[in-house]
Every structure is written in C-alpha cells, then in structure tokens.
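Visitor: What follows is the residue order along each chain.
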Amino acid sequence: MPTLNELAALLGAEVVGDGSVVIHRMAPIDSAGPGDITFVANPRYLARLKDTTASAVIIKPGFECPGLAMLVCDNPYLAFAKVLTALHGQRPAPRGVMDGAWVDSTAELGEDITVYPGCVVGKNVRIGRGTILYPGVVLYDGVEVGEDCLVHAGVLVREGCRIGHRVIVQPGAVIGSDGFGFAPDGRGYYKIPQVGIVVLEDDVEVGANVCIDRAAMGVTLVKRGTKIDNLVQIAHNVTIGEDTILVAQVGIAGSSKVGNHCTIGGQAGLAGHIKIGDNTMVAAQSGIMSDLPAGQVFSGTPGMPHREWLKASAAVKNLPSMRKTVSSLQKRIEELEKLVRER
Amino acid sequence: MPTLNELAALLGAEVVGDGSVVIHRMAPIDSAGPGDITFVANPRYLARLKDTTASAVIIKPGFECPGLAMLVCDNPYLAFAKVLTALHGQRPAPRGVMDGAWVDSTAELGEDITVYPGCVVGKNVRIGRGTILYPGVVLYDGVEVGEDCLVHAGVLVREGCRIGHRVIVQPGAVIGSDGFGFAPDGRGYYKIPQVGIVVLEDDVEVGANVCIDRAAMGVTLVKRGTKIDNLVQIAHNVTIGEDTILVAQVGIAGSSKVGNHCTIGGQAGLAGHIKIGDNTMVAAQSGIMSDLPAGQVFSGTPGMPHREWLKASAAVKNLPSMRKTVSSLQKRIEELEKLVRER
Amino acid sequence: MPTLNELAALLGAEVVGDGSVVIHRMAPIDSAGPGDITFVANPRYLARLKDTTASAVIIKPGFECPGLAMLVCDNPYLAFAKVLTALHGQRPAPRGVMDGAWVDSTAELGEDITVYPGCVVGKNVRIGRGTILYPGVVLYDGVEVGEDCLVHAGVLVREGCRIGHRVIVQPGAVIGSDGFGFAPDGRGYYKIPQVGIVVLEDDVEVGANVCIDRAAMGVTLVKRGTKIDNLVQIAHNVTIGEDTILVAQVGIAGSSKVGNHCTIGGQAGLAGHIKIGDNTMVAAQSGIMSDLPAGQVFSGTPGMPHREWLKASAAVKNLPSMRKTVSSLQKRIEELEKLVRER
Numbered sequence: 013m014p015t016l017n018e019l020a021a022l023l024g025a026e027v028v029g030d031g032s033v034v035i036h037r038m039a040p041i042d043s044a045g046p047g048d049i050t051f052v053a054n055p056r057y058l059a060r061l062k063d064t065t066a067s068a069v070i071i072k073p074g075f076e077c078p079g080l081a082m083l084v085c086d087n088p089y090l091a092f093a094k095v096l097t098a099l100h101g102q103r104p105a106p107r108g109v110m111d112g113a114w115v116d117s118t119a120e121l122g123e124d125i126t127v128y129p130g131c132v133v134g135k136n137v138r139i140g141r142g143t144i145l146y147p148g149v150v151l152y153d154g155v156e157v158g159e160d161c162l163v164h165a166g167v168l169v170r171e172g173c174r175i176g177h178r179v180i181v182q183p184g185a186v187i188g189s190d191g192f193g194f195a196p197d198g199r200g201y202y203k204i205p206q207v208g209i210v211v212l213e214d215d216v217e218v219g220a221n222v223c224i225d226r227a228a229m230g231v232t233l234v235k236r237g238t239k240i241d242n243l244v245q246i247a248h249n250v251t252i253g254e255d256t257i258l259v260a261q262v263g264i265a266g267s268s269k270v271g272n273h274c275t276i277g278g279q280a281g282l283a284g285h286i287k288i289g290d291n292t293m294v295a296a297q298s299g300i301m302s303d304l305p306a307g308q309v310f311s312g313t314p315g316m317p318h319r320e321w322l323k324a325s326a327a328v329k330n331l332p333s334m335r336k337t338v339s340s341l342q343k344r345i346e347e348l349e350k351l352v353r354e355r
Numbered sequence: 013m014p015t016l017n018e019l020a021a022l023l024g025a026e027v028v029g030d031g032s033v034v035i036h037r038m039a040p041i042d043s044a045g046p047g048d049i050t051f052v053a054n055p056r057y058l059a060r061l062k063d064t065t066a067s068a069v070i071i072k073p074g075f076e077c078p079g080l081a082m083l084v085c086d087n088p089y090l091a092f093a094k095v096l097t098a099l100h101g102q103r104p105a106p107r108g109v110m111d112g113a114w115v116d117s118t119a120e121l122g123e124d125i126t127v128y129p130g131c132v133v134g135k136n137v138r139i140g141r142g143t144i145l146y147p148g149v150v151l152y153d154g155v156e157v158g159e160d161c162l163v164h165a166g167v168l169v170r171e172g173c174r175i176g177h178r179v180i181v182q183p184g185a186v187i188g189s190d191g192f193g194f195a196p197d198g199r200g201y202y203k204i205p206q207v208g209i210v211v212l213e214d215d216v217e218v219g220a221n222v223c224i225d226r227a228a229m230g231v232t233l234v235k236r237g238t239k240i241d242n243l244v245q246i247a248h249n250v251t252i253g254e255d256t257i258l259v260a261q262v263g264i265a266g267s268s269k270v271g272n273h274c275t276i277g278g279q280a281g282l283a284g285h286i287k288i289g290d291n292t293m294v295a296a297q298s299g300i301m302s303d304l305p306a307g308q309v310f311s312g313t314p315g316m317p318h319r320e321w322l323k324a325s326a327a328v329k330n331l332p333s334m335r336k337t338v339s340s341l342q343k344r345i346e347e348l349e350k351l352v353r354e355r
Numbered sequence: 013m014p015t016l017n018e019l020a021a022l023l024g025a026e027v028v029g030d031g032s033v034v035i036h037r038m039a040p041i042d043s044a045g046p047g048d049i050t051f052v053a054n055p056r057y058l059a060r061l062k063d064t065t066a067s068a069v070i071i072k073p074g075f076e077c078p079g080l081a082m083l084v085c086d087n088p089y090l091a092f093a094k095v096l097t098a099l100h101g102q103r104p105a106p107r108g109v110m111d112g113a114w115v116d117s118t119a120e121l122g123e124d125i126t127v128y129p130g131c132v133v134g135k136n137v138r139i140g141r142g143t144i145l146y147p148g149v150v151l152y153d154g155v156e157v158g159e160d161c162l163v164h165a166g167v168l169v170r171e172g173c174r175i176g177h178r179v180i181v182q183p184g185a186v187i188g189s190d191g192f193g194f195a196p197d198g199r200g201y202y203k204i205p206q207v208g209i210v211v212l213e214d215d216v217e218v219g220a221n222v223c224i225d226r227a228a229m230g231v232t233l234v235k236r237g238t239k240i241d242n243l244v245q246i247a248h249n250v251t252i253g254e255d256t257i258l259v260a261q262v263g264i265a266g267s268s269k270v271g272n273h274c275t276i277g278g279q280a281g282l283a284g285h286i287k288i289g290d291n292t293m294v295a296a297q298s299g300i301m302s303d304l305p306a307g308q309v310f311s312g313t314p315g316m317p318h319r320e321w322l323k324a325s326a327a328v329k330n331l332p333s334m335r336k337t338v339s340s341l342q343k344r345i346e347e348l349e350k351l352v353r354e355r
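Protein chains in written order, with our numbering: chain G, 13 to 355; chain R, 13 to 355; chain D, 13 to 355.
Simulated from the structure, these hints should not be mistaken for laboratory data.
Here the structure is a predicted model, which means the values were calculated and not measured.
A couple of the hints might just be wrong.
Said to hold, decoys possible - Okay, derived cross-link-like pairs now, DSS-like style, lysine-lysine, Cα gap no bigger than 27 Å in a straight line: (1) R:K343 to G:K203; (2) R:K336 to G:K343; (3) D:K336 to G:K350; (4) G:K329 to R:K72.
Claimed, not checked - Here are a few chain R residues that sit away from chain D, every Cβ distance over 10 Å (derived from the structure): (5) A105; (6) R199; (7) E254.
Backbone N, C-alpha and C define an ideal beta-carbon position, used for all residues, glycine too.
Turn these sequences into a full structure, and let the hints guide you.
Guide: Here's what the structure looks like:
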C-alpha cells in the first residue's frame, strides 16, 4: 500500500503532517479508522474531523486539522476519486481465453485479454489488448472492442457494432438491438430491417441493462467520454455528444441529437428528430418535444425553461385556492354590477 | 444481387429507366452512390435527388428524376422496407445444435434450427422449424417456440410459456417472470405463486430487456402482430390486442387490456384493471388511470383527450401571468367596491 | 393431492361441507371445475358462485354456498395464496452442480443445491443449502447467497455482494453494478471507483431486469421482506426499509432512504439524498424531490399530499375554462370602472 507522500506525488498535492504514514483504505469520515484516509469536499463537514481516528484527510487549502495528516489540494473530490483508484482500482491479472468460453477461430484477440467461461465470441470479432470479457458476454459476428475495456457479465453486443478503448459496460447492457422501425402495410406492420450499427467511442461508460439500438441505416453514435446510467433507452440513429451524462431510465427517441457536455436527468424523455444544444441540462422526468438551445436548463412536460417551470408548478399547487379567489371575485363583480345598475 | 427489374417484380412496382442495373445496397439520399438504391417518401426531399450518384430511387408516381432510374409505387416507405429485406434480410444457414449448447434429451427440435453455444433448453421444450436461438438463450421446461423465430442472445423464457411463429425477441428480454403478487399477512407480504403463463402470438416482436410477467393464474397474452419496444414492462394477466405498438419504457399494470391497433407512447403508464379501446393512441409519458374509449388520442396524467391536454398545458405555462391578472383584478374590484360604497 | 380437510388444517380454517374431497388445482371462479378450489375475497363476486362446478370455495365467515364445500377463514386472499403454494409451489428436487456449469474450486456449496448449465460461480463464493441457480447465473468472486434462494436465469451478481435467505431474484436482474459516480476533472469526467457492495436481506424479492448499484463506499441495502418489481433502478448507497413495495420502473437516486412498509408506485422517481418516512405511499409517476413524512400519501411532480394533488389536477383540467372566466371578469371590471367613473 502507498504512503501519504506517494499519494501526494501521484496527485500533485501537498502533504501537511507525517507523509510516511501508510494508507490502506479510503473510508467515509464516520467510519474511518487508523490506516484510513478520508476526505472533506464540503466545509460543512469539517467539524466531524474532530472525532475521527483516520490517518489522513484530503482537504482544500486553508483548513487546519490538528493531529491529522492532510493531503491538501484544490479539488478534494477529484483527488478522492484518484486515491480510490490508486488504492482499489487495480485490474486483475489477465487469464486469457478460459475453459468454457466459445471463441470463433476467426476472431482476432489482443494480448493480455481475459475471456471468462460462458462468453461467446463470433466470427471476425476483434478484441483489443487488455480487455476483459466477464462471464456470459456475447459478441455477435464482426464486433470490434478496443483496448482496456471492461465488458461485464451478460453484456450482449449484436453484429458489426464497434466499441472504442477504455469503455466500461455494466452487466446486462444490450448494444445493437434492432431499432423499432415498422412500415404500415394496410393490415399491420412490416418490419424494416435495421442494417446500421452502434458506435461507442473511447471512454464511454454504459450502465446495467441499458439498451442502445442499431441504426436503421448508418450509425447510432455515442461520442467520447459520455456516461450512461442504468436502464437508459437510446433509439436508432440517435447521436449523443461528448462528455454528456444520461441519468438512469432516460429514454431518447429515434434520430435525436444530444450535444456535448449535456446532462439529461433521470426518467426524462426526449422525442424523436429533435436537437439538444451543448451544455444543456434537462431536469429529471421532463418530456422534451422540440429542439432546445445550448447552455440552459429545462424542466417539465412539455419542457420549458427551468425558472418558468418552477413558477408554473408553484402556481399549479396554488390552483385550488386561485380557483376559489376567482369565484369569489365573480360574486363580488355580480354584486357590484347589481349595485351600479340599480343606481 | 438483384437487378432493378427483379426488385420491381418483387414489389409489383413499375420501372422507369434502365431496369437492368444491379442493386447492391440501400442507402440514404445523402450517402447513396453507384450501385445503391435510395428512396423518397416525403416530396420535401425531392430536391436532394439532383446531386445523388445513386443508381435508382424508390418514388411515388408523378415525379421525374432525369438521369436516375426509378422504382415507382404508391407506398415508397413500405417498398423501401421490402427492398431492404431483399438486399439485407437473408437468414443465415442453419447450424443445428452447436457445441456448447445444453439441450435436454426430451426437447423436440424442428428441422433447420440453430442453437448457439451457451443456450440452455429444458425438458419437453418444443422448437419449430427454422428457428434460431442466439447464444445464451434459456428456455425453461415446457416452453414452446414456433417456426422461423429469431430469439436473440440472452433471452430468458420461463416454464411453460408459448411463443408463436415468426416471433422476433431482441436480446435480454424476459418472458414469464413471476407476476408481482403478494398477500399482506399482518406482518409483511406472503408471495402468491404465479402459476399462469405468457403467450406471444405469431409475428410479435419483443424489444431488448423487455419484461413480460406470467399470469397469476391463466395467461398474459400478446396478440398477433403486436410490436413491443425496449424496456417495456407488461404485468401479470395483461392482454395486448393485435397490431398494437408499445413504445419504449411503457409500463402496463396487472390485468389491464389494450385493444387492437393501439399506439402507447414512450414512458406512458397504464394503471391496472383498465381497458383501452381499439385504435386508441396514448401520448408519451401519459398516466392513464381509467378506461379509454376506442379511436381517440389521450395525453397527460391523469389522461385526458389530447386537445384538452394541449389547452391545459398551454394554460399551465401561462399560469404565473394569469395569477398576476387575478391579483390585479382583485385590487381593481376592491377599489371599485370602495368607490361604489362611498357614493 | 391434498383433501379439503388437509388444506383446512394447513390454514387453520374451518370446513363446511364434505372435507374429504381431493383438491387438484386452484382456479378462478369462471373457469373452475370439478376437483378445483376457487376463492371469493370480494363479496361482489358471490353471485358467480351459483353457476360454478368447482369442488370448494375459500370464503369469509357468514356466507352460504349451497352444494359447495367451503373453506371458511378471515383472510380468503391470504388463504388463496397459501393453498396455491400447497398445490403448485413445490420446489424441484435438487440436481447438484450440473454439467456445463463453471464453479471455481474455492466456492463453498451447501447441501441440496442446484447449479444449472451456463452458470459461472467465482472465487470464494458461498451458496447456502437448498438454493437453486437457474441457467446463466453469474456470481462474481466473493458473492454470498443464503439458503433456499431462487436465483433465476441470467441474474448477474457482482463481486462481494451478499444475498440473504429465501431471496427470490427474477431473470435478468443485475445486483452490484457500479454506482453512477464521476468527478469532473475540468475536461470531462473521472470515474470514481465503486468499492462498496449490495446487501439484500432475507425474504427480499427482486424483479426481472432490475438494477441495484453497489455503494461507492459502504452498502446499498434492501432490508428484510421488501419486494421489488421489474425494471426498477436503485442507485448507489440507497437504503430501502423492511416490507416495502417498489412497483415496476421506479427509480431511486443515490443515497436516498426509504422507510419500512412504504409503497412506491410504478414509474415514480425519487431524487437523491432524501428520506421517505415509514408507511408512506407515493403514487405512480410521482417525482419526489424532498423528504416525506411518515404515514401519508403523496402524488405529483413535485410531490404533494395526494388530496392536494387531486384538487390541483382537477383544477388543471379546468384551467382553460377558468382562463375564459378570468378574461370575462376582466372585461366586466373594465365596463364597471368605465360606468363608475362616468358618473
């Protein structure tokens, strides 16, 4: 395990106190003990440090913690993540293609990969160096997976889809299922073959039981660095920009385009064929039915600027009392009218 | 690959121009090149044909495309789907029960099937001619799957459920999970065994990671030709009619009945024990809590006729300004009352 | 099969009529025939008993059913569930670790277990007596599963998670996927390793394709007796109390705490870091953004007491007519003002 000095070198952070202490574990303030490092990102929680028996704390400049070694840096939350990676983020040693995995002889396998039992790898699949396929992963014919990916158990990738480097896919996600396309034929629905693919660029993360449909023709595209939470639905021919966040249970209908650095809140729905600008936030459970400009926050169904929505939903709550006001006004006007006419 | 004349014969369409050209691929207008066929379903996009180097276009009667062979027909969108099927929809040659598949000796297997590695087929299962089970499909005891089905990777079908002919199930779908039924026993919940099944009739399509629960007693039924998008939840004892469309992330609670030719929009929720008439549309994200008549469009939570909802949601957006109006009216009335009384 | 007297003994119920009749099946009133037992929980349906050819009925005290044997008890619905269990709820005989299952040599396996083909069991896993792993279950290293559990096909449990006794997990559920945690690093997002686990206590049921994320640090906890319907999302560090019901497609964001004996309706969403009191009900599709007290019913987005919501949503429906009222009031006031001023 590393010393506090070693962690500081890794982070480019400053040590205050004994840098030779060996750190075994990251732990929350309340449960940290000797050998643990903890962190304070929010000054509100500084008081809790008094009682801790932790060995060190990650903290912003300008604070004092008597008796506690400090790792001082500008972004304790990011430092916390990096220390956690240093302490707990080791990749297991590669195990090769294990007994009980079925790999087609035409597949091209990089070095230092692991393919667990129960995986099925189709024809002409390419798997990059250092990638791990956990048990039960299925890669249909022609799939490409880049280097240093973690493809968790039960992930199912259909024919021809392409996954970049350092992509993480949580268990049960489906990549490349048929888009939902049918042509009415007068009686019912005729299936439109979905002959496109899905492309996930580098550093994308895909949550558990997510569904990303292949394009009808062309590509359903998730760009570099985007993170997708569990149970999200991405329909055919959608494009998601770079470094965008899709929170759990979001649904995005066909051919819509979401920009870079957006955040789409949980359970929100986006209609098809719309365009969301860069740096836009959509609140949880919103229903967005038309294009949204860049850099703003939207809420509600149909979506509106968040401030408008706050006012509108406060007003909805007060509607019953407003209704009473309106009927009392109605009565007072009737009386006034009577009075005025009588004179 | 077929010639344009051969495709025309297949569709019952008319060729204008050189019918002997060989078609290799369907492509969107913008990316189509020599050897490709493209299509124009919407006259708005006709102008784009000027610059195309495609070999042919599928188009309605009454248009001219100098220098481009035309496949003329009344329903270009349907023709597009059929040409796509002709060009790209070939089923792979059957491979039988492959090494690494586990099939119980009591299972009845039709001719020309494929069972990929990682599949597990239980006792007394019946699989019809031409059906493909992709890797990792699990059929519990007593399951029946009809002819020419595509059951994609990781689909899980529990005991006794029955699937018709030409059914397509996308990866990860679960058919026949226990309905959510518990009897309060004074302290907590006592599980009610779910002893019914799921029946999917012919030509149904089920999306990725969909869940269709088995009936408590009897049958959860999805009728002929109905198409279900990804991540939809269908509870126990539900009946879905024929040729109905359930868009992604819809949830339908127990014992409800949806009619024929309905469309239920994405993320909509239907309460339990209600009945939706034929040809009814429910807008995305609606919450339907009571029966709906046939042939109309409903929106909102609770659901209301779509036109009402449009007015109501416009009014909600204007609520804050209406609120100001009401308080200004209130003041004016007070002043009037004062004035009138003073006289 | 049991006699009516035997079922009565099991339930502590009273038999009226011929207790020696052998019961083969539970069936709904409309389809029950000779050898079947049916039940009436709701006195509304008593009339239907006239025409039944069932052999017996489960019924509350105080009713008469000439010609029909009766199992009389205070809670017919609970009795129905228990009889159904007696008739149909037998566990299959254990089959041990079957061919085609991959179990690491360090795993500790209890007696009378079944591990179907296609299962993969990692290092140092512990499986309790009588538990069944259906085909394709994956238990990562260090997972613990208690006694008499049913873990259905394709369930994926990540490293170190712990499952209690008598837990039922429906097909395709994912337990222990990474929580959705990322630290902005100025350009994009840096992944925060999720080093906690998931704990499911005794008698929990988890629905099909549910996702329960592991804690960032510590535990995501589902307490004893809680029942989770299909496609529910539970984020990292959430705690769900005892005997709570989460209906299908609910989403609960990170670190929130739901009390005991709550019911969260279908498609409802709970924001992160909030606390829901005991015995609280949240209506379907609600969006709860702040703490809720115990013992009440909440609806809407943002959530409000159910009665308020009923009034507010009725008022929303009447908004367009209220709008007309307000503008007519406006005109009448203008006329009055004119009249009064003119005098």
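Visitor: Which hint numbers does the structure go against, in order from smallest to largest?
Guide: 1, 4, 6
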